[in-house]
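Number of protein chains: 2
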Amino acid sequence: MLMAGVYSYLPLGLKVLNNIERIIRQEMDSCGASQVLLPALQPLELWQRSGRDKDIGEVMIRFVDRRGRNAVLGPTHEEVITELVKSHISSYRQLPLILYQIQTKFRDEIRPRFGLVRACEFIMKDAYSFDRDEEGLDKNYQAMHQAYNRIFKRCGLEILTTEADPGVMGGKVSHEFMVPAESGEDLVAVCPKCKFAKTFDESKKESCPKCKVGLEKINTIEVGHIFKLGTKYSAVLGADFLDQKGKQSPIVMGCYGIGVSRLISAAVEQNHDEEGIIWPSQIAPYQVLVLPLDVTDNKLMQLALDIYNQLQDNGIQVLLDDRDERAGVKFKDADLIGVPISIVVGQRSLSEKKVEIKTRRDKQTLSLNKEDILQELRRKIA
Amino acid sequence: MLMAGVYSYLPLGLKVLNNIERIIRQEMDSCGASQVLLPALQPLELWQRSGRDKDIGEVMIRFVDRRGRNAVLGPTHEEVITELVKSHISSYRQLPLILYQIQTKFRDEIRPRFGLVRACEFIMKDAYSFDRDEEGLDKNYQAMHQAYNRIFKRCGLEILTTEADPGVMGGKVSHEFMVPAESGEDLVAVCPKCKFAKTFDESKKESCPKCKVGLEKINTIEVGHIFKLGTKYSAVLGADFLDQKGKQSPIVMGCYGIGVSRLISAAVEQNHDEEGIIWPSQIAPYQVLVLPLDVTDNKLMQLALDIYNQLQDNGIQVLLDDRDERAGVKFKDADLIGVPISIVVGQRSLSEKKVEIKTRRDKQTLSLNKEDILQELRRKIA
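As given, the protein sequences belong to chains A and B, one line each in that order. Using my numbering, the first residue of the first sequence is number 4, and each one after it goes up by one. Using my numbering, the first residue of the second sequence is number 4, and each one after it goes up by one.
Heads up, some of the hints might be wrong.
Intra- or inter-copy, both count: the list cannot distinguish identical chains.
[What the hints assert, rightly or not] Simulated pairs of lysine-lysine, DSS-like, Cα-Cα distance not exceeding 30 Å: (1) K18 to K156; (2) K18 to K335; (3) K250 to K89; (4) K248 to K333; (5) K156 to K57; (6) K333 to K373; (7) K220 to K89; (8) K250 to K333.
These aren't lab readings, by the way, just hints derived from the structure by calculation.
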């Protein structure tokens, strides 16, 4: 933490962040979305045109630059992307289109807290769909909804999906993706039987529309939010297209956000024990840790290095703990940083050619011949 | 351009940016550097402690947040990284250490211009080395200097290296990496024989210390700058370590910057002709463009798709121009976007099983059997 709500990523955390970004890119690309990168600095005038400079209030950081221009740090990018698309799209033949970015956002939070959950500077994936009509929007909205389910699953997260109030974003329909977590600030009412979920509302007696049982109140972290914006932004900013009949119409839009840095906190919340973090395989900073018990023993160290090199050559992200520390310290640190699989190289590895494979989550240990390591790891990681 | 000095990256430009970032990461990692990510938001108080809040002047964007905190948008990160290292490093055994980040920086430029060359929001790679003594710093400085030469070469850039004034950054020794370019703002005096170069100084009659001939004045773009900072930041911010003898000393630092987004402009400046860009192979948004001359011909289109899929399966970044446009339009656009190699699929490809391989840089065309494409491309791309 550099100041309240502002954090640095150290090497292990940054690797987790990069893994999450890679998963998001793969799933966005599979929806036919193209990646762009929009600026954080934006002219205030653009927000005045959409009318959101007032709606969004003080959470938007504003300043006047040396040339007297009123500028803001974008807390979100609907206006900017609409302007961009307006200058590039004019015909129905160029639609549908999905653009996304993974970018740093800034918000002047009055009470920044919970580390990466409510930060003043954070990383978001925001995607925007552009369609000819509502039918096209429905299709893209569905595709993105499914991509979100795949993303959160690959990140090792169990999520609840709720219908939500679009709020300042606008539009009629929106869904939120919530991670149950004790430290979460968002209250959700969930059916204990079918996992139907909705935003908790104190004033309403709530029960499951399907199972007819009472809903339970739980704490969650919001990690994603998708919106059918319709023509809210395109109409007011003049982002039109010519349809098949030569008629000018505003482009029909959707927007789709994921709190990328927040996902890290959510993943840790759902995947830890008293000893530390248990990283889900696909986002772990390393998939395997090689842990030689005595680094002063040259033969043992050479064996550890051989294993390390073999795994690295086979595309496995592997870390070698070559510190001259006691075994107990190394085991404790291994549990703390939460690499899913450790390979322990000790005296038995030399005398019997065996290594121990330890799984962080279930703490199971498996004794294995050196030759069988790669096959077993591939089975475990897959 | 969203506002003066503020730009969006569209998909092709972003791919170039990502390729440059990949090259930088590979070369930094090969120096044993670890990647981190530091925040853009910083407390003004930190800059007051180093005394640079005054030195850096109005180019640093400042604002007061809702809680009354004086915050700035970091134009550079010496203070932040020194604070970070101070809280993690205490012993000589933890040194040397190199950390780097690729991150968005903000500067309130009074005259933003030349697109990505002098922007208010831009992407930088900044690395920082931490050593026990001057000898360690010299070694890391040399290693980074060599890594810079490799990075610029892989980006397709010819560079000149000049000894430079450290300026507001501090320290005694610094070198700049300059790309000769007509639009460049920085004047360099260069020896026409041995390419010795130094910052141009109107007041001095300059000649090459080695060849004794007069230096020529040329325009350049600065793409990199490295500094031996010494203990300027560590001494004032209290980043000390205990040496072998148990003595407390300030850590000896170096810092190493590359203007990542600016590299794109420099690469275009050095690699273009009247028709458009000629991307150097390693940073090209795509290495190969498959160009079917008639997309309404199913057989021809199937052949183009087969080639496209074969290349993609072999890890070549390939783009298919499947637009229903005239051949002339497609050729013109191919030249404009500058993909290094085009594969033209026309009627002859069906009748004689031949395709034409066109090289963007030298405009040479080669007629080739379909089966030989992959081998020829591997030769050309390598």
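Cross-check of the supplied hints:
For the identical chains of this complex, K18 and K156 are neighbours both inside a copy (19 Å) and across copies (27 Å), given an alpha-carbon limit of 30 Å. In the homo-oligomer, the alpha carbons of K18 and K335 lie at most 30 Å apart inside one protomer (21 Å), although the nearest pairing across protomers, at 41 Å, exceeds that limit. Taking the closest pair of Cα atoms, K250 and K89 come within 30 Å of each other only inside a single copy of the chain (16 Å); across copies the shortest separation is 64 Å, beyond that limit. In this homomeric assembly, K248 and K333 come within 30 Å of each other (Cα to Cα) only across copies, at 27 Å, whereas the closest approach inside a single copy is 70 Å.
In the homo-oligomer, the alpha carbons of K156 and K57 never lie at most 30 Å apart, since the shortest distance is 37 Å inside one protomer and 50 Å across protomers. When the C-alpha separation of K333 and K373 is checked against a cutoff of 30 Å, the pair qualifies only within one copy, where the shortest distance is 21 Å, while the shortest distance between copies is 56 Å. In this assembly of identical chains, K220 and K89 lie within 30 Å of each other by CA distance neither inside one copy nor across copies; the values are 44 Å within and 44 Å between. In the homo-oligomer, the alpha carbons of K250 and K333 lie at most 30 Å apart only across protomers (29 Å), although the nearest pairing inside one protomer, at 69 Å, exceeds that limit.
The structure does not agree with the numbered hints 5 and 7 stated previously, though it agrees with the rest.
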